[in-house]
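Once you've looked at the hints, dock chain B against the given chain A.
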Amino acid sequence: MSTTLLSLIITTLRSPGMVVDDATSDAQTAWLVPRLLLITAVGGAVFGAVVGAHHGGIQVLYAAIKMPILFLVPLAVGLPAIRALFATDDSAPPWRRVAMAGLVGAARTGILAAAASPFLWLAWSLFRDYHMAILVLAASLLVIGGQGLLTLRHALPKFRWVHVAPLAVAFVLMGLTTAQTGWVLRPFIARPSAQITFLRPIEADIGDALLRATRSATGDYGREGEEWAPSSSGLMTRGLRGRDFDGGE
Amino acid sequence: MTGWTAPALVIAAWLVIGAGVGIQLERKGHPSSTAISALVVWPILMSLINTIPTATGPFSEAIQRAFHSLNLTIADPLAADVPWSGELASLHQSLIDADARLAMVDRLLSESDDSDASKGLHKAREHAATELQAVLAGLADLRIQIGLYALEGGEQSVQAELGALQARARALSEVRTTRWTG
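For the protein sequence lines, the chains are A and B, in the order given. In short: position in the first sequence from 1, add 24, done, that's my numbering. In short: position in the second sequence from 1, add 199, done, that's my numbering.
Same shape as in the complex, but just chain A:
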């Protein structure tokens, strides 16, 4: 059981399952929740500030505000679905345990993100290219977020082979939710020539954007005269835009 913020950070990193186990009583939950949120917010803000530093200026602040939101929103969307996936199991986890595991996972992601920030800063000096920076950021989030996601296993029933399908669905669901949340909250790395805004219009989806960023990073900019822009035919398209797109991811 952690008694200080520092010991909570250490336990969250070394034995996240222990923090989840601790949150059985109301008193312990009331003590843990604000501190886990603080860790997530500070860790995410540090990482976000470094991400925003690729463009510089006010984007440092914007990205620092949005990054903790990126760590937390998928929990609100994905955790009820994950709880539902295991609801028919004999040993279905209590709602509070699933929620606390998600929160501990977010805090763990925040700590790892803050720890990874110097490396990302170094990467920015090596990869000044905008499209390459997006891919580096996506890869970083995949590694960091994956560690946080693994914390959820502490809330799930003991593994049996019948759990393979719901586990796979849960993993894909949280991954997609996080990725799409990141897309909705863009730009984190603004295009060098872009006009900076806090949020972009909701359009297309993350899969489409990553595909195009990968093509652009390899020098394939499409047909001559074709403007790089997210497709308006993505799975979660809300409106037709494209020609006036001047943002980033």
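Worth double-checking, as some hints may not be accurate.
Claimed, not checked - To give an idea of the chain A side of the interface with chain B (calculated C-beta under 7 Å), a few residues:
id	residue
1	Leu37
2	Ser39
3	Ala54
4	Val57
5	Pro58
6	Leu61
7	Ala123
8	Leu174
9	Pro225
10	Asp229
Stated by the list, open to error - Far from chain B by the CB rule (all over 12 Å, computed), these chain A residues:
id	residue
11	Ser31
12	Gly80
13	Leu99
14	Phe143
15	Leu144
16	Leu146
17	Arg152
18	Ala163
19	Leu166
20	Val167
21	Phe183
22	Val193
23	Pro216
24	Ile220
25	Leu234
Just so you know, the hints here were simulated from the structure itself, not pulled from any lab data. The beta-carbon is built from N, C-alpha and C at its ideal position, and this holds for glycine as well.
Frame of chain A, contents of chain B only:
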């Protein structure tokens, strides 16, 4: 901004509910940090609305520290095969209850005069505090027993130590029961 109307409404609804839960938590006497957290994670904290936060006693931090250290020791892979009878949670709860009783007695003593009854209560309080401290010291000894077990084996010593601690923790409640039931 294109497409942001519906998300903005959802976010506003989330924050309004969170503010409502936070206000309720504040009224119930929960810390401000918990109430503010409800803005973001109200689904987790909603269950706390119906609970009144228990007062933390004078040994609250010492209890948490002792169990934190013990849990870290147990989590060590080298201590994985230490034989536990799985009673640590009840031992922990016994100490928290005893600590809460001490907190209540401290509050009473601070409000009472210097009568004989107060002196009796003060004496009983000191006895209970000494017993609680002895159990906490025993938890430190238990960690040493685990270390010895990892080196030399001998599961009886670990179980004996744990059993003795549980007996002392039970005695903290039983003395109280005897005192009040006559």
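Results of checking the hints against the structure:
{"no.": "1", "hint": "Leu37", "verdict": "violated (12 Å)"}
{"no.": "2", "hint": "Ser39", "verdict": "holds (5 Å)"}
{"no.": "3", "hint": "Ala54", "verdict": "holds (5 Å)"}
{"no.": "4", "hint": "Val57", "verdict": "holds (5 Å)"}
{"no.": "5", "hint": "Pro58", "verdict": "holds (4 Å)"}
{"no.": "6", "hint": "Leu61", "verdict": "holds (5 Å)"}
{"no.": "7", "hint": "Ala123", "verdict": "holds (5 Å)"}
{"no.": "8", "hint": "Leu174", "verdict": "violated (17 Å)"}
{"no.": "9", "hint": "Pro225", "verdict": "holds (4 Å)"}
{"no.": "10", "hint": "Asp229", "verdict": "violated (12 Å)"}
{"no.": "11", "hint": "Ser31", "verdict": "violated (6 Å)"}
{"no.": "12", "hint": "Gly80", "verdict": "holds (24 Å)"}
{"no.": "13", "hint": "Leu99", "verdict": "violated (8 Å)"}
{"no.": "14", "hint": "Phe143", "verdict": "holds (28 Å)"}
{"no.": "15", "hint": "Leu144", "verdict": "holds (25 Å)"}
{"no.": "16", "hint": "Leu146", "verdict": "holds (32 Å)"}
{"no.": "17", "hint": "Arg152", "verdict": "holds (29 Å)"}
{"no.": "18", "hint": "Ala163", "verdict": "holds (27 Å)"}
{"no.": "19", "hint": "Leu166", "verdict": "holds (24 Å)"}
{"no.": "20", "hint": "Val167", "verdict": "holds (24 Å)"}
{"no.": "21", "hint": "Phe183", "verdict": "holds (18 Å)"}
{"no.": "22", "hint": "Val193", "verdict": "holds (21 Å)"}
{"no.": "23", "hint": "Pro216", "verdict": "holds (23 Å)"}
{"no.": "24", "hint": "Ile220", "verdict": "holds (14 Å)"}
{"no.": "25", "hint": "Leu234", "verdict": "holds (20 Å)"}
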